Each structure stands twice: as C-alpha cells, then as structure tokens.
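Chains as they are written, first to last, in this note's numbering: chain S, -8 to 262; chain V, 26 to 239; chain L, 26 to 239.
There could be a bad hint or two in this list.
Computed beta-carbon distance windows for the label pairs [what the hints assert, rightly or not]:
no.	chain 1	residue 1	chain 2	residue 2	range
1	L	80	V	154	40 to 48 Å
2	V	63	L	76	23 to 31 Å
3	V	195	L	151	55 to 63 Å
Derived from the structure by calculation, the hints contain no laboratory data. None of these values were measured; they are calculated from a predicted model. Ideal Cβ positions, reconstructed from N, Cα and C, are used throughout, including at glycine.
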Amino acid sequence: MPKQPADVPYLTPVPDGPDAVAQRRADEALIVDVDGYEGPLDLLLTMARSQKVDLMTISVLELAEQYLAFVEKARRLRIELAADYLVMAAWLAFLKSRLLLPPDPQDDGPSAEEMADHLAFQLERLSAMRQVAEQLMGRDRLGISRFARGAPDKVARTRRTHYTASLIDLMRAYARLKTRDEFRPYAFDRKDIFTMEQALDRLRKMIGFAGEWTDLSVFLPQGWEADTPRRRSATAATFAASLELARQGRLEIRQAETFAPISYRQRPHEP
Amino acid sequence: MSPDFPPPPMDQQERMVEAILFAATAPVTMRDLIARMPQGCDPAEAVAALRRTYQGRGVVVERLGDGYAFRTAPDLSFLLQTETVDTRRLSRAAIETLAIIAYHQPVTRAEIEEIRGVAVSRGTLDQLIEMEWVRMGRRRMSPGRPATFVVTDGFLDHFGLESSRDLPGLSELRAAGLLDSRPPAEGLSMPLARDGGDDDIDPVDPPEDLFEDE
Amino acid sequence: MSPDFPPPPMDQQERMVEAILFAATAPVTMRDLIARMPQGCDPAEAVAALRRTYQGRGVVVERLGDGYAFRTAPDLSFLLQTETVDTRRLSRAAIETLAIIAYHQPVTRAEIEEIRGVAVSRGTLDQLIEMEWVRMGRRRMSPGRPATFVVTDGFLDHFGLESSRDLPGLSELRAAGLLDSRPPAEGLSMPLARDGGDDDIDPVDPPEDLFEDE
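Bound-form chain S, shown alone (with noise of 0.2 Å):
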C-alpha cells in the first residue's frame, strides 16, 4: 500500500497567511545551517542532542521523523541539499517502516532494532570522538603551550663517503673498453678442445663396429692421447657422447668399479 504525503504526519501543511513569511524565515535559517554540518550524521547528532537524553537510550524512530520532516521542508523550500542527505532520508524512511511495521518472520536480514541500535552506537561514538578532539586541541599543544628549542645547534653531520675497488673491478673496466674495440667473436681458444658434437659424430660411426665390449680409449681420436689437456677434453667429450647415445638405445655402457675403465658395446639388436 503506497503511502501518500498526507498520511505522513511529519509533512506539515505550508502555511498561508502572513505567519507564513515568518515560518519561511524560520525554516530557511534551519536548513541554510547545512553548511555548518560535518554530513548527514553529524545533523542528527544535533537533532539526538535536542532531545536531551543519553544517546543510548535515545527514540531512534524520533530522531528519524524529525530528519525526515527536515529534508522534507528543504525540499519545500527548494533547497538542495546533497546526495548523502537525501540518501539518508531513505535509509531513515526504510528504518521508520521497519520499525513501525511487526517484524517479518521471513526477513533474515538485521531487524529494525538492530539497525536502530547501531544508529545510536555510530552517534554515541562520533559524539565521542568529537569529545576526545576537543580534549586533545586542548592539550599543552607545541608551539602554541610548550616551546622546542628555537635556536636549536646545528649537529655538523660530516658525511665521509669511501670509495671501493678492487684490482678485479679496474681490470675488467679496462677489458670491457678493450673489447669494445677488438670485439673477437669467439675468444676462447678452443685449439685442444675436443667438442661433445665432434665426440657424437666420431662415436656414432665408431660403435656399429663394436659388437664386443671395447674400451673408451679406442674411441678416442687420433693424437689426442699424447697431449694430457687434449686426452682429457677428448675423454670427457667421448665419455658426454656415449652417454647421449646410450639414451638413444643404441651403445651400452660398462664400469667394473667406480674410477675402472669403461667400455663400450654396440647395443644388440633385439633377437
């Protein structure tokens, strides 16, 4: 049942007559008094206050009338008032139904009750904090009670800045502009290394012929025995092929021991 302004008992008739002008007056320095107001909360602080009781115990379904009849005369008036205060409004206009109406048994949401005690909590507590701000202003506040030292001494704050190198910084400085000039694509000198591909490649061929266990030496390049660095990259290369090529299933691989020989075998065919 939609209600009608009528049946709203805050919404007084406008008055005719010259009582009217004075009434404007009235109701404009009312509401032109927003200004002076910190929000929507802090009105019905004021109007909570009016009714000269402790917050607690305040007619929240009161205090919600007197908001209402409140904006509904800035609305008479032609004022505007802002959002917040007019969404107010319909949150007090909701509450006061709600408060006034039996409470549904389906509603699971907060009841009127609820909803009106936590009004009262946020007005109680906004109450204080106004309290306790006017507390602190009043406090022996610095610079305006207490003084700090005006001509404080200078604490000479001499900053000592040490520097740090080390012979590895200024020679990689300097092999860094050396390079930039003779940039050598590929530096390291690879004459007596002998790569894993080179390893793969030799293996490969090598192992179709090793039908019994063979030794990893025999595997090992031609003159690359001699030469201690080259019979080390060249055994480490063979030794990194072998295990590629065992992966694939096509050698296998024999250690008595740990540090005995290996040696190698074709893998056999699968009869």
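With the hints as your guide, set chains V and L onto chain S.
Okay, now just chains V and L, sitting in the frame of chain S:
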C-alpha cells in the same frame, strides 16, 4: 673510545644528555643517545637524573613517543606567545579525522568515513600527513589490502603525549565499547553517499615497502 | 598586569628567563626581556641567577652581542658532530677512467676520452684525484701542453701492486676470460664469465656521471 676506558661519571653523562637534548628540536631516542655518547655510558640513567634536575624549571624534559626533548613549561606559555609560528588552522573535519585516527589506529579510510558518516576529503588526510601528524601504516590484510593510517611521533610531540596509550579518555572509551571495530552487518550500516568528486580517489598507493614498517 | 601586583618571586623570574631564552630564535636582549616579563620583574638579576644555575652544566647562558642565549658547553661540542661513512662502489665512469690512467699513464684527458669514447667529466677526474688514486703528471710536450694523469702510490697500495707494471697485461686478461665479451650461452654457467653482470650496472652512480656514459 675504547671500551676499556671507564665511562664518564654520571654527572658528566647528565651534562652530555643535557647538551644533546638542548641542541635538538625533535625528540632524541635512547638509541641516538647511545650512539652519540661515549661507550659505556648509561643514557637511561642520565636521562632520569636530568628529568629530576629540571623538575619545576622553566624548561622540562619530556618523554615524547620514543624520544626525549626539552620543552618549555606549559604554565609559561603566556610569555612565549610571540614565538608562535602561525600554524594553519585545522578545519573541524581535520581535527575530527585526526582524533579518529589517534583513537582507532590503525584505521582505514573507509572506517574513518563510517565513523564520521561522510566521505573523507583527500585534502584533509593530505594536510594531516603533510603536518607529519599522520602517516600510512601497514596495509590491512583484507580484500583490496587497504592502507591504514596511524599517528606519528610528531603527533605525540605536538600534543605532549608519551605514547598513544596516554590519549585522554582512551580507557573510558574502550570500556564503553566505543573503540570496538564493529564492522556493520549488511544492511545495518548507514548509507554513505559518495559524491563523484576527486575526493574519492584513493591516495596514490606508495610503493608498499616504504610504508610497511610500523 | 597591573603595576600594583607584586612581581613574581626571583626563582619564578629565573624560570621565565629560562623559557624565553630557550624558545627564542635569536639572542634575547635585556630590553626584550623587560618588555616580555610581567611588570616589576628584574630581568638583569634573573639572568645573572640563571647564569649561575647553568654554570658547569651541559649548556650555558652566554652573552652574545646585546643579548643572551643558551649555548652548548664548549667541551661538549664533540657530541654535536656525527660522522657517517658511506661505502660506495666507484661508478663505472670512474673505474674506467682509472683503468685507462693506470694502463696508459701518463695520459691526457683527450686520450682518456678517445679510449672511452665519451667525454670524461671534470667530476670524475676530481673524484679520483681527491681519493688520491690519481694525480697530475708532467705536461705533455705537444701543442697546448696538456696535463697528463698518472696513478699514485696510494693507488698501488690500495690495489696491492708494487708498480703499475704489475698490472695484468692484455694476454693475461684474455687468459682469465676477461676479454671474452661473448654473452654466455643460455644455460651454460661459466663462473668467470659471469663478471659482466652486476658490474656493468652501477647502482650508485654519483650524479655527475649520470649523463656521461653511453
């Protein structure tokens, strides 16, 4: 100084603390005192002695937050009004916001707005931060990780508080349940109209680590 | 205040002078004190009493020109100095310039610039000279008689070199893998070749070097 030297006698240590505190405008922490005094000194005892010496004098040693500072005795303020630096007048909104931060810290912007029932303007928080009375605290571990605000040592100094536990009326407010963070249940909370102005733009989030510390 | 009131007792007057001198931004003259203290006070006597009180303390009341002010006791001035030592790595520009001087000395600024391929800022050379790692050498007997730079004994000392001839040569740099500027292959870890890494990005380039490097 080598640790083998005996520390200076206590009356000398008191003189040292006196000189250091006199020379500074901001409170000096115990750590600073330890760092600046010769090794083996006991600045805590020297500070205690100094406080006794200055009891009832024209300037007194105050404990402010983590530090100590000389401040003129409040009863003599009438002589010193000419020294007053013209501090910007704080708006009512700023004062209220400051009080809410002090009593509810760490508090998010949304919580401040819930308490005041209005949007907190960007300028208000900026002003408090610029005055170095408020700073960002840890982010809240809730959806959106909102920034929180806390009061600073500068706030404690300004209002002559040893710590934020000494805020006037704190225990009464707490006992009355008025400092409980009561997240309003759905539909319980009063509406807060957000006007579309730039007031609503969240403060530019600083790189987290800068403000993460307590 | 009416002149009929008796003046405050002298110990109160002393407190007043104490607070006024403490809070003042400049020495306070006797005239200022007379103007600011309640009528009937005797600031001259109060100042004298205050000076006696502070005799031998960490701060003392001094007469400075026409006025009076608190000053730190001269023997405690050492407390008002703090020295902080920052350890910083040399900027890339500085270390390269230093390397060129070390390897090519005596070398002119124009030559350094030619090798580096960029202008050498005055600040970089000044810094090396101030660190006493580089000094001016003989002037070059060429048009314009440009100054040359050489490394100092302090440099040799710091880098543990007996003479600048002990600097590793190019072939040794190459053997150490330092001349291989090939970027290391993906996933191939070469302990020695990692050097390029953080060395190249100097986190703390002093401002003068910011625009100098390529």
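Do the hints match the structure? See the list:
1. L/80 <-> V/154: 40 to 48 Å: 45 Å, holds
2. V/63 <-> L/76: 23 to 31 Å: Check passed, 28 Å falls within 23 to 31 Å.
3. V/195 <-> L/151: 55 to 63 Å: 58 Å, holds
Violated hints: none; the structure is consistent with every hint.
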